[in-house]
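Input sequences plus hints: build the corresponding full structure.
There are 4 protein chains.
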Amino acid sequence: MALKPLNIGLVGYGFMGRTHTNGYKRVNDFFPELKHRPVLKAVCGRSPEKVQAFADQWQYESVESDWKALIARPDIDAIDICTPNNSHAEIAIAAAEAGKMILCEKPLALNPEEGERMCAAVEKAGVANTVWYNYRRVPAVTMAKQLIDEGKLGKIYHYRANFLQDWTINEDLPQGGEALWRLDAAAAGSGVTGDLLAHCIDTALWLNGSIKDVTAMTETFVKERMHTETGKKEKVTIDDACAFMCHFENGSLGLFESTRYARGHKALYTLEINGHDASIRWDLHDLHRLEYFDNSDEGRLRGWRSIHVSDHSGDQPYMDKWWVPGLQIGYEHTFVHQVADFISSIDNNTAMHPNFRDALETQQVCEAVLESAKVGTWKNV
Amino acid sequence: MALKPLNIGLVGYGFMGRTHTNGYKRVNDFFPELKHRPVLKAVCGRSPEKVQAFADQWQYESVESDWKALIARPDIDAIDICTPNNSHAEIAIAAAEAGKMILCEKPLALNPEEGERMCAAVEKAGVANTVWYNYRRVPAVTMAKQLIDEGKLGKIYHYRANFLQDWTINEDLPQGGEALWRLDAAAAGSGVTGDLLAHCIDTALWLNGSIKDVTAMTETFVKERMHTETGKKEKVTIDDACAFMCHFENGSLGLFESTRYARGHKALYTLEINGHDASIRWDLHDLHRLEYFDNSDEGRLRGWRSIHVSDHSGDQPYMDKWWVPGLQIGYEHTFVHQVADFISSIDNNTAMHPNFRDALETQQVCEAVLESAKVGTWKNV
Amino acid sequence: MALKPLNIGLVGYGFMGRTHTNGYKRVNDFFPELKHRPVLKAVCGRSPEKVQAFADQWQYESVESDWKALIARPDIDAIDICTPNNSHAEIAIAAAEAGKMILCEKPLALNPEEGERMCAAVEKAGVANTVWYNYRRVPAVTMAKQLIDEGKLGKIYHYRANFLQDWTINEDLPQGGEALWRLDAAAAGSGVTGDLLAHCIDTALWLNGSIKDVTAMTETFVKERMHTETGKKEKVTIDDACAFMCHFENGSLGLFESTRYARGHKALYTLEINGHDASIRWDLHDLHRLEYFDNSDEGRLRGWRSIHVSDHSGDQPYMDKWWVPGLQIGYEHTFVHQVADFISSIDNNTAMHPNFRDALETQQVCEAVLESAKVGTWKNV
Amino acid sequence: MALKPLNIGLVGYGFMGRTHTNGYKRVNDFFPELKHRPVLKAVCGRSPEKVQAFADQWQYESVESDWKALIARPDIDAIDICTPNNSHAEIAIAAAEAGKMILCEKPLALNPEEGERMCAAVEKAGVANTVWYNYRRVPAVTMAKQLIDEGKLGKIYHYRANFLQDWTINEDLPQGGEALWRLDAAAAGSGVTGDLLAHCIDTALWLNGSIKDVTAMTETFVKERMHTETGKKEKVTIDDACAFMCHFENGSLGLFESTRYARGHKALYTLEINGHDASIRWDLHDLHRLEYFDNSDEGRLRGWRSIHVSDHSGDQPYMDKWWVPGLQIGYEHTFVHQVADFISSIDNNTAMHPNFRDALETQQVCEAVLESAKVGTWKNV
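Chains as they are written, first to last, in this note's numbering: chain E, 109 to 489; chain L, 109 to 489; chain C, 109 to 489; chain D, 109 to 489.
Just so you know, the hints here were simulated from the structure itself, not pulled from any lab data. Incorrect hints may appear among the rest.
Pairs involving identical chains hold if they fit within one copy or between any two copies, as the list cannot separate such chains.
No farther apart than 20 Å at their CA atoms in a straight line, the calculated lysine to aspartate or glutamate pairs in the EDC-like style are these [unchecked claim]: (1) 374 x 419; (2) 263 x 380; (3) 374 x 406; (4) 253 x 406; (5) 343 x 258; (6) 331 x 357; (7) 374 x 423; (8) 263 x 405; (9) 343 x 405; (10) 133 x 183; (11) 263 x 327; (12) 176 x 205; (13) 482 x 321; (14) 253 x 469; (15) 112 x 137; (16) 487 x 137; (17) 143 x 164; (18) 133 x 169.
Note that the structure is a prediction, hence the values are computed from the model and not measured.
So this is what it looks like as structure tokens:
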């Protein structure tokens, strides 16, 4: 049976443009039950040479230099937004109004107000929407969700997560511009809070429910950096590091931290959940493993299990799609999984998560965190 | 600039058919400097329904049910052989005589005699050829090769490797047939020796040079299994486990083991090399890491380093093609790398390894191992 | 040359009584350069049978049932205080006034006010004093101190520590009494803050300098427990969990957490320090290892080193006293080291740390933490 | 109740003299149920100054310079033999004839013939005897024995062990003399086979039963070293490395290796046992942990458990004697355990293992290994 086309229009072609595109190109090879096949219809960017080079490499059928033109094209079904954060809202709202499905890179927006308008737009238009919080779809993380939902952990006492990097320690690194907009609050909205903590928060809300209140601390270690666009030393406006404590609605305590100054860590997103009956741990540097401690094991033989999540028997989420036990998958597969689930939701007319509204809750937590850091007291979410 | 087509004809569509096909489909997305693009021209298999389903899923342009017909097609540039081991020689020799390039699944052949005829055929025909000993192209393993070639390890004393699995412990597992031909010596030639140890030997020869002599031990733990084709209990003809000791030409000692009865290990291929100045360790269950001990580190601070091989700066082999530091790749990438290097060797008219002749040396070691196990004494390779 | 006696009078004979006594008995076997030998003169406790049994097992020469009598004995040189926290001040001040040296179990006191009086007493009396923050003397932790002092880490950005246990999850566990006074605020002063975080804080102050301000969160998960002394369900008065964020004087950020509800962790005290040039990690569950990341290592070969701190060459602190490389020591050795350093300070008339004044600073941080948790805002230390 | 004295006479005061003495001094503090207390009656050695210094440090009551005089003393109950291997037989036989209990350092003897005479002597005299294969009494290893005896592993397929060191790589290290007799075959009998593999073999025989036949390989990497006693370069007579394969009586396969040329490993004794139902792994560098894989765990949640063997509840062998969960013990504790079990066997008139006869079996395997390495074929044990 022939697959129906799902015509993709990609806005932005940076790092995330690559990961999403790879997801579109691979999904049907590994998820043969899907009824749609993504078609790389067009990629849009401001630099004609660069966008053409990207289109050539990844085999997009056409290019655009204006996202409004892209949205206007009737042959586009879905808009994928991979631009800097400060343009998400405008593009998304226009796409919704044009009746396009939307796959938006995280964080959703610069702030909750923008996010609320985006939610209103997609909900009013009734278009399918999702936000690329891809780490939910690491098989080990999805399995964690299953274990929690099955009640294996019992009452939860603690949730802790951090996201540690070290790539901005060098003081000579400039800020801003196409490559480094993540270091410029005007483009990014915030620093590690929106870039890294947002991932941790999305996973936490999914696994452990809503957050009630937070108290936070931020720091900017390097106060001035040369700005790529002005060529001058300018004040650094983002948070280099952010930590916060919180109460979850379920009564558990949360501890979150992220930084780009943790020498030795490249993308160490770790999470741990301690329940009455069992605990789990996971980290992105060995993403194919889940650590699990089950208090119901025989006393003398209790220990943290290192579970190699690579079983194709169907018991471990997504792994029946890939290879055989012992053979690991990697980072990029999370995007393939998200594409697969997005298409499946279209095929079957079911709900897709995280959608814009889910991502708005993360945005609200981020906002409370940044607010709390400013005023030094607890803030309700 | 348009890429030149490299028209692929695949024979066999099992597990290896998937890994190779994925390599062909992804290579140009990540290796844009290549001048050829693999085209999935045809896949060949005996079951019309299954081969068509495979072609549909993976987007092969056509199907064949007779490999001779496939080889006869003028629109095929390269034959990829993924069939059981007992058909490699016949297909490869015919393909060579037809002037096709050949990418042959490992092990090369049932025995050195077959292998020698295959080498002669490709060398006489002057066709490009390679054997899918893919683990050479795990970035961590390739980096190990670099370190050794640079002399970082100094004189080598010890090489040890094992490949441990546990999937045949169940006595009720049958042998033979399409799914389980690896358990039938008639189709596979041998058991773990050709299936698993051959990988260990290929890497060892590459990293540590030739093997002089071996002494080996094999065992078949389950003596009889139902045969899928006859429906009857029949004698198990393969080796379930095989271990051997050896001397390398460079004076180092080797210790190798493989089994399918090591409860708890799925595909645990590990290797360790101890040199005068440094040592390295690697294992397939965390293939994105290389462990490294450098004796020139300051005394009190010496320790095994766990190197996360995910740096896109170009210093770690292949990793400039993928994502950013901290984000791991997986098993399937080794095949993408092998396709990339194969195409590069065609583009630039350079040597490709491992070729048939390299794989023949591995076959000769396997033969000496099996011989030694039979007679109980040391055998020269 | 005969060793001079150092006559010990021990008050309390619980878990800490055992660890200290073991330290006294073993120190001269392993530190032959010391000029004093501890003599187990007397142990003091309220239960005559239990204290006699302890004296018999550990070979104390005599017993006392009243600590005032013990302090009054002219044949006692040093008082070791191992009683619940609410008696530290009274005993220590009396011992100081009697001119005895004092080795006091941590935390120093119930609160800073008590601690200040204790400091005044020992300083006025001019008696040698120390507090058993034993984890400073894990060789790996001492080596961390050396590395920091040598400047190997460069400017510090982050300090994080936690101390995770799971032994109070069971709701049926009672509180109070001889065995469980740590669960009763009247005897212990606080819960995990004084019991566990105090260790983390002591190490942090030593390694990373003073703390400026803190913001904290505490929780009591099980609200009522049967009290051993009253036999009735009573309100639980201690903190079951406590986390805090802080600024160090050196500009680095701190994140601390401790709990007795982290299923799967028995005594997981971990610390990590991220500096501009290098980072270190350590955890108590594998206390003989130090993890070290050195950014000056060659790029492609950078990785966390797992240093097995067992080298008897003299390069790793304390390890020249023990066995040979590869053979680990354990928990109890930290107390032997503290006794050795205490005696050495007496032999050579040098300063001993941590002394009461050092421990008072830890107490002040604990107080600020508990205060902040109560009021929900930042508190200066 | 007063403890009965067990008067110890120690012959030799090197590294093993220290470990045994520490065992004698500590045992009653931690095993209060024992009815004997070791008394350090005398230590014997050829150098009067050194033996006196050792006696002073460790508090031996007296010294002897002639082991025959020591054995002749009526106030000595037990002779502990810590001398080089070539004197074990003569001392042990004389001690047995004098009716002394004997605790002999491993390996038992230079060869099985000597060992057989030693067994005959102690059995004729009816004296208590043990050999210091201390690793049986690592709690994790003892627990492994329990699990196997309970049938948790099911039928055993594989046993593998190695003991890797790197301290003799330096070519300038001399051989022979008091410090380096282990490098001189005349004093040691063999190299790594008797020193390191003997430990692996003892544990294997205990855990997995008798070995039927072996095939082995040895190597001497550095052919000549300066001899401490002659001051001249002399041929190195020991084996620097030794590996062997074997069949156990129970049908499982064994693979053993040891070397002093494995750069990066200090005393890495590892063992792994794969059974039908479960597998275990252990290594000496983290001796307080046992890894355990249980195939009866739920499929998706199967993983190797890292068991921290530190539970004082009585479920983990020996650990009720020490501290609390999470607090590890170390290398030296194995000797304390062996002393405790030796005394317990005297107290209760029960069998003690490993005794001389157990150690003789290990000696016989070593002999078969060395023989096989010489002739290049399989040898029956």
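Tested hints:
1. 374 x 419: Between. Shortest inter-copy distance 9 Å satisfies the 20 Å Cα cut-off; intra-copy 27 Å does not.
2. 263 x 380: within (14 Å within a copy, 29 Å between copies)
3. 374 x 406: between (37 Å within a copy, 16 Å between copies)
4. 253 x 406: Intra 24 Å, inter 17 Å, cutoff 20 Å: inter-copy only.
5. 343 x 258: neither (49 Å within a copy, 32 Å between copies)
6. 331 x 357: So residue 331 and residue 357 pass the 20 Å test across copies only (18 Å; inside, 37 Å).
7. 374 x 423: between (31 Å within a copy, 15 Å between copies)
8. 263 x 405: within (18 Å within a copy, 22 Å between copies)
9. 343 x 405: neither (55 Å within a copy, 32 Å between copies)
10. 133 x 183: Within one copy only: 18 Å inside, 25 Å across.
11. 263 x 327: Classified as between: cross-chain Cα gap 15 Å, same-chain 34 Å, threshold 20 Å.
12. 176 x 205: For residue 176 and residue 205, the Cα distance is within 20 Å only inside one copy (12 Å; across copies 57 Å).
13. 482 x 321: both (15 Å within a copy, 15 Å between copies)
14. 253 x 469: Classified as within: same-chain Cα gap 18 Å, cross-chain 43 Å, threshold 20 Å.
15. 112 x 137: Answer is within: at 15 Å inside a copy they meet the 20 Å cutoff, but 23 Å across does not.
16. 487 x 137: neither (47 Å within a copy, 46 Å between copies)
17. 143 x 164: Cα proximity of residue 143 and residue 164: across copies only (13 Å, versus 27 Å in one copy).
18. 133 x 169: both (13 Å within a copy, 17 Å between copies)
Violation of the numbered hints given earlier is confined to hints 5, 9, 16; the remaining hints are satisfied by the structure.
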